[in-house]
Amino acid sequence: MALSKKLVDTARDANLNKNIGNFSYWLHRITGIGLSIYLLMHIFVLSSALSGAESFNTRMGLVQSPFFAVMEIFLVAGVFLHMLNGLRITVSDFFGWSRAHKSIFWIIAVIFIALMVMTVILQLPKFDPGNYTMGGH
Amino acid sequence: MTNNLSNRSLWTWLLQRISGLFLAFFLVTHLNVHHLFHDITVDGIINFMEVSENLKSSIWWQVYYFLFVPLVVFHALNGLWEIIADYRTSSTFSGAVKVVFWIIGLGLIVVAAMTLRNLF
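Chains as they are written, first to last, in my numbering: chain A, 1 to 137; chain B, 1001 to 1120.
No lab work stands behind these hints, which were simulated from the structure alone. Errors might be hidden in some of the hints.
Below, computed lysine-lysine pairings styled on DSS-like, alpha-carbon distance capped at 30 Å [as the list claims (entries may be wrong)]:
#: 1; chain 1: B; residue 1: Lys1056; chain 2: A; residue 2: Lys5
#: 2; chain 1: A; residue 1: Lys6; chain 2: B; residue 2: Lys1056
#: 3; chain 1: A; residue 1: Lys18; chain 2: A; residue 2: Lys5
#: 4; chain 1: A; residue 1: Lys18; chain 2: A; residue 2: Lys102
#: 5; chain 1: A; residue 1: Lys6; chain 2: A; residue 2: Lys18
#: 6; chain 1: A; residue 1: Lys6; chain 2: A; residue 2: Lys102
Bound-form chain A, shown alone (with noise of 0.2 Å):
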């Protein structure tokens, strides 16, 4: 009953306090958790490597696709906003800077569209499916 009463209670205060520090929270809280997934199936995959390079090769080509490049794109995303906005929270707790806090969110709000820009750049050719060969190896 708790459980599911503080649920709708969050829910209803995002709704309620539309501002930097209640969008950040959220913003921290959902990429964590993302990340967190995402970070239990980069170890299932590359566990293949147990069975031998062949197995980890199979199942690596699996993940390797102009379409995971894109998804590739929204995790480096997610790592972005986390790192920087957890570096953000750090901050403001450990130099007490917390009055600061919304000034600091717009300085990492624009580090991570320079970021972002770069990491699109970066991806550029993983989009083409004529690079996805075996390489000089």
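Got chain A sorted already, so can you dock chain B onto it with the hints?
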């Protein structure tokens, strides 16, 4: 009356921040090497040989992953546990979840360590 503060210790809070600060370094390095700056037009798709050669290129990669994997597993599970404890769950429930998370976490670290040993 129980509240979330009674379930969440200072260590939960402090270690989440400390591990997070380390991860800012470890995760950016990992992302750069294996995700973003992996040039598919030169190296092709990621495969066993390539990853293995990459990891063997320096002894520091072993030190790196020995620190990185436990840190990231701890940060993820401690974070998830913080969320659960935040919803004013009973201390019996959050205590049980903590035990389950420790088992999952140690299991993940063992699997990851065995995987890395095969690749190194």
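Verification of the supplied hints:
1. B:Lys1056 to A:Lys5: Not satisfied, since the Cα-Cα distance of roughly 52 Å exceeds 30 Å.
2. A:Lys6 to B:Lys1056: violated (49 Å)
3. A:Lys18 to A:Lys5: Between Lys18 (chain A) and Lys5 (chain A) the Cα gap is close to 20 Å, so the pair holds against 30 Å.
4. A:Lys18 to A:Lys102: holds (13 Å)
5. A:Lys6 to A:Lys18: holds (18 Å)
6. A:Lys6 to A:Lys102: holds (26 Å)
In summary, the structure is inconsistent with hints 1, 2 from the numbered list given earlier, while agreeing with the others.
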